[in-house]
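Participant: Listed here are the chains, written in short residue letters.
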Amino acid sequence: MKIQGRIDAVKAPIFEKDIAPLLEEGQQDAPILDFTDVEYISSSGLRVLMHAARVLKMRDRKLTLTGVRPDVFSVLKMAGFCDFLDVNRLADEGGGI
Amino acid sequence: MDNRKQAQLWLKIPGTVECEFLPFVRPLETLCSNTILIRTPRYLIVMDPGSMPEETDKLLPALHEADEAGKPVLIILTHCHWDHSRQARRLASALGPRALVLAQEEARLAFQRGDNQTSQYALFEDSVRDMSVDAVLLASDPQKADPGLPLEEVEMKGADGAPLRCQKLALGEDDALMFMHTPGHSPDSICMKLGRLLFAGDTPFAANPSVAGIAGWDQKNTVRSVTTIIQWLKSGDFEACWTGHGPGMPASVAVKILNRTLDETTRLENLIQFNTDRMKVLNRYARAALDETAEMLSLISGRLYSLSYHLENLEEASFAEKVLKALNLDAMDALLADFQKFLDEFENNRIFPYFMPLRVFQILKKMERQFLEGDLKGFMDPRLPARTLRMIGDFIRSMRGMRLTDTALASDPALAIEAFAAGWRSAKYGTDDILNSTEDPEAFAAALAMRMAMHDPVGRPPLTLKLENAGRKCAMDQERLTDILWDAAERFAAHESEGILITARSGAGHVAVEISAGISGLKDILGARLMNYLTAELNEFGGTVTIARNASGEALIIEIPAADPAA
Numbered sequence: 001m002k003i004q005g006r007i008d009a010v011k012a013p014i015f016e017k018d019i020a021p022l023l024e025e026g027q028q029d030a031p032i033l034d035f036t037d038v039e040y041i042s043s044s045g046l047r048v049l050m051h052a053a054r055v056l057k058m059r060d061r062k063l064t065l066t067g068v069r070p071d072v073f074s075v076l077k078m079a080g081f082c083d084f085l086d087v088n089r090l091a092d093e094g095g096g097i
Numbered sequence: 001m002d003n004r005k006q007a008q009l010w011l012k013i014p015g016t017v018e019c020e021f022l023p024f025v026r027p028l029e030t031l032c033s034n035t036i037l038i039r040t041p042r043y044l045i046v047m048d049p050g051s052m053p054e055e056t057d058k059l060l061p062a063l064h065e066a067d068e069a070g071k072p073v074l075i076i077l078t079h080c081h082w083d084h085s086r087q088a089r090r091l092a093s094a095l096g097p098r099a100l101v102l103a104q105e106e107a108r109l110a111f112q113r114g115d116n117q118t119s120q121y122a123l124f125e126d127s128v129r130d131m132s133v134d135a136v137l138l139a140s141d142p143q144k145a146d147p148g149l150p151l152e153e154v155e156m157k158g159a160d161g162a163p164l165r166c167q168k169l170a171l172g173e174d175d176a177l178m179f180m181h182t183p184g185h186s187p188d189s190i191c192m193k194l195g196r197l198l199f200a201g202d203t204p205f206a207a208n209p210s211v212a213g214i215a216g217w218d219q220k221n222t223v224r225s226v227t228t229i230i231q232w233l234k235s236g237d238f239e240a241c242w243t244g245h246g247p248g249m250p251a252s253v254a255v256k257i258l259n260r261t262l263d264e265t266t267r268l269e270n271l272i273q274f275n276t277d278r279m280k281v282l283n284r285y286a287r288a289a290l291d292e293t294a295e296m297l298s299l300i301s302g303r304l305y306s307l308s309y310h311l312e313n314l315e316e317a318s319f320a321e322k323v324l325k326a327l328n329l330d331a332m333d334a335l336l337a338d339f340q341k342f343l344d345e346f347e348n349n350r351i352f353p354y355f356m357p358l359r360v361f362q363i364l365k366k367m368e369r370q371f372l373e374g375d376l377k378g379f380m381d382p383r384l385p386a387r388t389l390r391m392i393g394d395f396i397r398s399m400r401g402m403r404l405t406d407t408a409l410a411s412d413p414a415l416a417i418e419a420f421a422a423g424w425r426s427a428k429y430g431t432d433d434i435l436n437s438t439e440d441p442e443a444f445a446a447a448l449a450m451r452m453a454m455h456d457p458v459g460r461p462p463l464t465l466k467l468e469n470a471g472r473k474c475a476m477d478q479e480r481l482t483d484i485l486w487d488a489a490e491r492f493a494a495h496e497s498e499g500i501l502i503t504a505r506s507g508a509g510h511v512a513v514e515i516s517a518g519i520s521g522l523k524d525i526l527g528a529r530l531m532n533y534l535t536a537e538l539n540e541f542g543g544t545v546t547i548a549r550n551a552s553g554e555a556l557i558i559e560i561p562a563a564d565p566a567a
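The listed protein sequences derive, respectively, from chains A and B. Counting in this note's numbering, the first sequence runs from 1 upward without gaps. Counting in this note's numbering, the second sequence runs from 1 upward without gaps.
Everything labelled a hint here was simulated from the structure, so no lab data went into it. One thing to keep in mind: the hints can contain errors.
[Claimed, not checked] If you anchor each label on the Cβ, the simulated ranges turn out as follows:
no., chain 1, residue 1, chain 2, residue 2, range
1, A, A30, B, A386, 52 to 62 Å
2, A, D34, B, G114, 58 to 68 Å
3, B, L343, A, D34, 48 to 58 Å
4, A, Q28, B, I351, 48 to 58 Å
5, A, K17, B, K365, 30 to 40 Å
6, A, A30, B, P462, 51 to 61 Å
7, B, R425, A, Q28, 38 to 48 Å
8, B, K366, A, T64, 29 to 39 Å
9, A, K17, B, R90, 44 to 54 Å
10, A, K17, B, G114, 57 to 67 Å
[Stated by the list, open to error] Computed far set for chain A versus chain B, every beta-carbon distance over 10 Å:
no., residue
11, K2
12, E16
13, K17
14, D18
15, Q27
16, D29
17, A30
18, D37
19, R47
20, R59
21, P70
22, V75
23, D86
24, N88
The beta-carbon is built from N, C-alpha and C at its ideal position, and this holds for glycine as well.
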């Protein structure tokens, strides 16, 4: 699923609603979110990601983010989110991941 | 509000026999002052016509309705600033020869010499060329006062016992309007007394950000005038006070505001002048400070979420919940989202640039309060909230007109680098707490949370230091220099650098600190938000920040003026 723009307090509820179907029971695949066009993620957006990670962990699945821009990656990494999400940087994908 | 409804709201002025007033209160965030209409036996008075034509148009029906006999209209300026005076001549023209514009002598002089600075017309991209004053109030030489108005000299003293210029104008058999010269906010600021009301203009706001330090502002005179106004309001002679912006207030409330103004004004020394150029600088700084605070908040909240996630996995659900309540993240995020709406309007040119730094100032003040009310102790590396609070505090000080170099202690960059290196290399936590708390479940959860909170998710690549500045001090203090090193080094580490090199060297009039990690693409790695913030922060210290290529990739280079440039 492709996610776009700023995920701030206004957009976070929309983001949460958009990804809800991916978290439902019965979904076979681990969800992948394309973050190429995400330019900023706020506290509210991080909370949605954490909630998703928690739901998926109960089913032994992990959320994957792809195409993460360097500055958004810095925040995710420095906040410790790379410990429980699979986070692939834009640059990494250039290398063939 | 329609004009008919306003016309019904004429209020008796307490302490007068025959005077009534009708206030037109404009919201604080508009660029137009209040206007007060006053109906008296001899004159109609318009106190501060304001700056917006559409607002002036609302005055005319009320004036016509109030004036069956075609009395003279006195358009009185509490001071010459654009937001109070701009519509004065237009209103006078609409009313014809019976209207006179009155202001203190310094206002006339400012208009005569085309002074767009003291009048603040330049700040609003306007010019005073068509402005003039018909009759001068409180002239420095009473003998040279304009004839035509029966102004009577009154002896008065300020709170310090020194003489204070005062005049009286009879409005009928029983009532008189008093004019008192209260410079400080501007050289021509006046207060007026009518019955038991005081009209204080903008003097109560003289210490506000984007107000203190404007052309014509004077600290000593503000202190003197505010002290005197407080004395008047406490004398029992006044019921209420009306200012240039916002609703009127009981005298006791005005005293509280003025006491705060007095307290703040006494601390505002050696201010940076607030003018068009400074407004542009503060605009850039405001955006950068807010963006970087938002980024820091994402980081702080992310660490709290991360910690709560891991604690929950360890079946410490109640402690995990406590972690999420350490800071009111929703309230802070809502403030930032609200700003985004403001920004959209600003970028569509619907908001004047003057309001950008002011809005950011208000938001950051609220965020600062949230941080101070939060309790992150034990849940987070204290460096993160401390850095954020310094960032917010610096912008607030800059908005108040203070120079960051006046509050920061000059420091030797080599010492800042060594302090940073000691922190970078040290173990962040010991094992005693967790070992000693195994008997007490709550203490164990707390020790576990602390240990996990201090876990460094980015790792710590080795550091190499080359300190060649020979103990020379720079204008920036050690804490802020250390902050910048952490900002850069953590991002380098997040992007898997294998080693970080920091050098300090002395240049002509400056000291340079260079941070590199054998990697390129620093613009993206550091991000536009951080780079914009560092640019704005360094600019306040007279320094610069750049990214340049070096032998092993790219380096972040900060140059700060030497504390002793001649050395």
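Participant: Each hint: holds or not?
Facilitator: Hint check results:
1. A:A30 x B:A386: 52 to 62 Å: violated, 38 Å
2. A:D34 x B:G114: 58 to 68 Å: Check passed, 59 Å falls within 58 to 68 Å.
3. B:L343 x A:D34: 48 to 58 Å: Roughly 26 Å apart at Cβ, these two residues miss the hinted range, so it is violated.
4. A:Q28 x B:I351: 48 to 58 Å: holds, 50 Å
5. A:K17 x B:K365: 30 to 40 Å: holds, 33 Å
6. A:A30 x B:P462: 51 to 61 Å: violated, 36 Å
7. B:R425 x A:Q28: 38 to 48 Å: holds, 47 Å
8. B:K366 x A:T64: 29 to 39 Å: Roughly 36 Å apart at Cβ, these two residues keep to the hinted range, so it holds.
9. A:K17 x B:R90: 44 to 54 Å: Once the Cβ atoms are compared, 53 Å apart, the range 44 to 54 Å for B:R90 and A:K17 holds.
10. A:K17 x B:G114: 57 to 67 Å: holds, 59 Å
11. K2: Label holds. Min Cβ-Cβ 21 Å, cutoff 10 Å.
12. E16: Per Cβ check, A:E16 is outside 10 Å of chain B; nearest 13 Å; holds.
13. K17: Given a closest Cβ separation of 17 Å, the condition holds.
14. D18: holds, 18 Å
15. Q27: holds, 21 Å
16. D29: holds, 22 Å
17. A30: holds, 17 Å
18. D37: holds, 15 Å
19. R47: At roughly 6 Å from the nearest Cβ of chain B, A:R47 sits no farther out than 10 Å, so the non-interface label is violated.
20. R59: For A:R59, whose nearest Cβ neighbour in chain B is about 14 Å away, the distance exceeds 10 Å, so it holds.
21. P70: violated, 4 Å
22. V75: violated, 5 Å
23. D86: Correct as stated: the minimum Cβ-Cβ distance to chain B is 15 Å, above 10 Å.
24. N88: With a cut-off of 10 Å, A:N88 remains clear of chain B, as the shortest Cβ separation is near 13 Å.
In the structure shown, a violation is registered for the earlier hints numbered 1, 3, 6, 19, 21 and 22, in ascending order.
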